[in-house]
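Enquirer: Sequence:
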Amino acid sequence: AEQIYRLTSLPTVDDRYVIPPMHREEAMQMLNDDVLADKGEAGFGFREAPARGA
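Residues in the sequence shown are numbered consecutively from 91, following my numbering.
FYI, nobody ran anything at the bench for these hints, they're computed from the structure.
Treat the hints with care, as some may be off.
To be verified - Here are the computed distance ranges between Cβ atoms for each label pair: (1) Arg142 / Asp104: 52 to 60 Å; (2) Gln93 / Ala117: 28 to 36 Å; (3) Asn122 / Thr98: 31 to 39 Å; (4) Ser99 / Met120: 46 to 54 Å.
Source: prediction; values computed, not measured.
Think of the CB as a built atom: it goes at the ideal place given N, C-alpha and C, for glycine as much as any other residue.
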């Protein structure tokens, strides 16, 4: 019973509720209209080819 108490009552609200990663795009769409720009910023590809050599 002590362990259940520690898991349920001691964490803060931020620790209890987590947005699942699969719903990230939906959450970003509610905040911003351009979801693809946010995906590009998160590392889902490059818009410019990387420069090679000097």
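Enquirer: Hint numbers the structure violates, sorted upward?
Expert: 1 and 4
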